Amino acid sequence: MNGLTHKALTWLDERFGAGAIEEFLRHKIIPIHRHTIWYYFGGMTLFLFIIQVLTGILLLLYYRPTPNDAFESVQYMMTQVRFGWLIRSVHSWSANLMIFTAFVHMFSVYFLKAYRKPRELTWVSGMLLLFIIMGFGFSGYLLPWNTLAFFATKVGTEMAGSVPIVGKWFLVFLRGGEEVTGATLTRFFGFHVAVLPGLCTTLLAIHLMLVQQLGMSVPPGVERAIAEGRETKRSIPFFPNFLLRDMIGWYAALGVLGALAAVFPWELGAKADPFAAAPAGIRPEWYFLFMFQTLKYLPSKVLFIDGELLGIFGFSAAALVWVAVPFLDRRIGFGRTTRFFTGAGIFVIGYMVVFSWLALR
Amino acid sequence: MKTAAATFLVLMCVLGSAGADSAKNSCVSCHSLLEDARLLKPAQLFDGDVHHQAGLTCVDCHGGNPNDESLNAMSPAQGFRGVPKKAAIPEFCARCHSDAAYMHPFNPKLRVDQLSEYLTSVHGKKLKQGDAKVAACVDCHGVHNILAVADTRAPVNPSNVATTCGRCHSDAAYMKEYKIPTDQVAHYKKSVHAEILAQGDTSAPTCTTCHGNHGATPPGVKSVANVCGTCHVFFAQLFEKSPHQAAFAQMGLPGCVQCHSNHEIVKPSDTWVGTGANSVCSSCHTAGDAGFKSSQAIAQNLAKLDLAIAQADTVLDTAERAGMEVSNAKLQLASAHEALIKARVNVHTFRDAEVQKITDPGLVIAKQADQAGVAALQELNIRRKGLGVALITIFVAIAGLVLKIRQIEAKPQS
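Those protein sequences? They're chains A and B, same order as listed.
Under this note's numbering, the residue at position 281 of the first sequence is numbered 284, and the numbers go up by one with no gaps.
Under this note's numbering, the residue at position 209 of the second sequence is numbered 213, and the numbers go up by one with no gaps.
DMTMM-like, lysine to aspartate or glutamate: derived pairs with alpha carbons at most 25 Å apart:
#1 B:Lys334 x A:Glu270
#2 A:Lys236 x A:Asp249
#3 B:Lys193 x B:Asp205
#4 A:Lys157 x A:Asp72
#5 A:Lys274 x B:Glu324
#6 B:Lys346 x B:Asp205
#7 B:Lys180 x B:Glu268
#8 B:Lys271 x B:Glu244
#9 B:Lys415 x A:Glu25
#10 A:Lys274 x B:Glu383
#11 B:Lys408 x A:Glu25
#12 B:Lys389 x A:Glu270
#13 B:Lys408 x A:Glu26
Quick caveat, the hints were computed from the structure, so don't treat them as lab data.
Quick caveat: nothing in here was measured; it's all calculated off a predicted structure.
With the rest of the complex left out, here is chain B (with noise of 0.2 Å):
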């Protein structure tokens, strides 16, 4: 029954458009009058797709002849491709895409290593192994409406990644096969990295900023290092440097992920370093190793500077507030904050004598900033008696010219 109206449909469409202008798309014309869905969907889609914008048409992939308006359109002689399978959809898109002198007139700034990329992936290899579960171009990208990356309504726009990557690895029944964690969305999305990227930092990480987009592959322990490193390059290298990168290699540890988490990756503080109920340190180090004594010198160091810094903080705020003027001294401790800054990176060097070389300046100006504070205090004190010896003396000024007025005043006048 539904082949019978489908071809009663096209039939009227054929009647309907004869005589009509050839370059008219009898894909688009057929298919906007098809009930099923599926069928229909594509045409209603393709105005806004991105391919569509770029000048091409349906023939550009499924082949056939637009210029044909009976069934005979859609004849592998009139080469027609149809559908592709899941398994040939990588090769069926990669046919322009991985044609750079196809792809450099529509963009030439876009890679042509799609493809080869996925291959190497972990959708790609299972997909080749019959996996058709696996993502492949159109699970992350759609079909007949996809938006160029850039797009903010693309699934694949750095922010809807990780929803688009959740859609299959944060559903636990889809993943159960595959035996791996589906909390890694709900993870991030509690990270500083998500919580930036919420803010409209879209240079902040996402899933495939580590994983990699179409070779996406989980970063094996050797190379954490060397993923987290092409963002937090100071850290990576001092890190490379420090006792901790032979250690950890010869335990098997992965590098930055150890303290600070893959997923969830939340605003470090300086209660992680040291002995103390939060410290990542004590996770590994017992009381009396080298590590434990210099973990606790170099979180002792890094409190001692931010006490120095909150403490002339308060006492300029304070001398501000009362309408001293210190903002040069504010400008100063400015720069102890930014001792404090280099100090917490310079934690990765796992040295208290590295650190302390970075705090011990941070807390003389930090403490000469505290001065200028209670200096500028003290001068308030000083202006406020100072003050009040003028006003008294004004007084008695003024009660002296009083007295004056009526001495003059009580003269009789010649």
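This is chain A alone, in the form it adopts within the complex (with noise of 0.2 Å):
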């Protein structure tokens, strides 16, 4: 360290406590054993979410969220400013992938059970910024106003819509009104660059001080394995040994990203015509494709109940028993684990696939 960084550190240190900062840094460890690389998981969703923040904010400087500009203003970004296909491409790809990990960042720790004592605040934060995540997606969705995002806006809220008693207020306070219009955009914006990023700002620093103050799980068989003496307790320094392995997966993606946007750019479409009649085959973005599969093959009625709506209440109840997992899953404990919970989860994910493979074809 030359005597100039040294200076700027330590007059850093005297202001901020950034000594503090470095000795956590210095003393925090990861564990090392057969199931590290799923701690990698949630260091690329956080690093694609910045990438969201970075793309998301140059967006800004040329999205104009009204019904006759913003179509327009996405195709002027495309073809007429400087790397703004990029940009805009990189911020699609970006949004898509970042919900692909956290999907495989919340499914490693299920089976892991990362969950477990004394992290089911962790868990309950992270899925909660799972369903923020996704709230991004459906409302970015909607603010290139083309024909698609228009048409499946309608179908989405319309969903939301059918819930008993509060649905009509629900579907009204989306929409900005009745319909799906130019109140609509302005609201979905609004959520999209304000609301949803202060929600999810907030939930991630709870969610990173959580993980920085209980530390890395370690899996209940590695903990058994160490226990039996069948393995070895390792661990290598969170900085700079882990972090320098973090950085090699940010700079995989950031190629992966690179590459998507240039040989794949993302699609604009048409522009939204709400008078035309809606195209077929319209889809949601592939991560709710298996509830609006699900919701398509559900009879009109089931006993005297509208099928739709058994459908979202089903999807609902899954959600927060999946949120409280922690707390049901009781059993689990040092070097146990409970065999039920697994296979559910399995049966998650094939069901998942499965249906958004019916959807797809």
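From these two lone chains plus the hints, build me the complex, please.
This is the structure:
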């Protein structure tokens, strides 16, 4: 460390206590075992979120959230603004990759039982973050104001409106009126760039704080193997060893993003025409497909209950149960696994994959 | 024997209906029991007839007394008019159809000049000369099962008119004595007009659109342009101001049909203009004359613009398939397409300068669109090269990180 850097760090330490952070990083360790690879997906999701924030800010420089201008402003960005196409394509691809890595992170935590005591709140905050990320996807989908997005939003908000008692109110709240109009676009823009980022940042801070506070969880199977002497307890320092490995993943993600943006630029489609008939084959984004397909298969009435309503309730109940898993899986503890929850996790993944595939056929 | 049987049936009818409701129509109740198909059919068919739906009954045309259930119902004393002779049919129908006051309550929009028009037609004139083979009202509209023109089952509905006319006009034996061709309907069925009509566009022309319906007559040489011009207004106006107008009149040539034919009017092609194998200009113009040169220049201008548009289309499609955003350029190219359509219309000025006035700006637009497509493909190439450089940089950075990790972890832990 040269003299100037040392002086700068000392200056910062005197004012912000930067030394404490350095001290924390020096002592934070990451367990090493056969499942360590799954630890990287959390950091990868965070990296993609940072890309989203940066590219989103750049898009804001040109985007105009009105029905008359939204489509044209995105079109202008993609054709006239230098590297506008890259920023927009990276933003769209990164959003999808982020949801993918978030799902991988969530399932890895689930199967490695990392939600068990004392990390229940880390799991709950993570699940809430996942819902917020999906909200980002839903609200952002409408913003280019193209035909597919317009009708997909119409269908999506209609589903929300079918919930008894509060449904109508919720539909009007989401749309800013009875129909999907310019008011909906303004509202979704507000959710996308103000409400959701605010909530996301707060939850992310809590989530990261809990991760730092409680450290990385070691899977029960590994703990048992160490206790029985079949495995030795190994670890590496977070800084710089793990961080450098994390960075390899981030660089790889950056390469994948760049390749996707250059080879498959995100399509803009045709401008939305609210008076036109809905085009054939309207589908939501891929991460909503399994729900969409399930609702399609449900009959209009199941006994005396509306089929779609039953589906929505079913998914809401399943999501609640999923969030509450750390409090339900009480048998989990040192060296023990609960087969039921592992089986349920495999069933959920199978269900999502099969129903998404059916929707894409 | 037949008469005896008919009398028996009528008597049965009279006895069977004794004491029945006086509003009962004795024409239908008796004719329904007759064996002779000629007499039975009217009673069977009339239910679906537009006149029946309007509340009219047999007596409104044939007279007689529907309340009288004896044969006396059909006596002249009861106003019975019977079945009109062929020559009398137009006037028979016109008793009502030429009476505006009578027709108004049924359909205020219905014309009442059918008879006067019919009498000016070739059909009408020949009928008056005693030719009973020509078409009168019932030959086209039917009898006792007459349907409204708008009804797609009606023989006079636009979609059925060609078939209806063809029943006589395509029958070589029937038409032999008139010495006119019998291939009109066959030709018409190959035309662009028939094609559009078959697609359900009832505004597309059929026989009666050009020849008239009640006043059907073949358009003369002088009136062809007027007939076509009722729909193709711009073309007719341009032709009127063109050098061909006076020349065709002088040579006794019909206007539009000289190049486009009369019944087999197929979709025109740019190859009709110029001096190529398909050229219609060459049938009159010969090498060296002004018209020959002008047609060559017109053909070249059209071909140039058509080619420029096709090139731009290909480039833009390639760029679009590669994921480039070229919708603005595609929109721009639509203006060039419009220019080509306008230039094709302007061919009817038969002046190359008039066509060039349209094709030149179209060419500029097509070239701009083409350049936008080329620029998009170049940009795509740059993006791919940029991606290559970025991936190499990323790979080098990853390799550096791997080496750094190895270097750190190679040191003995303190």
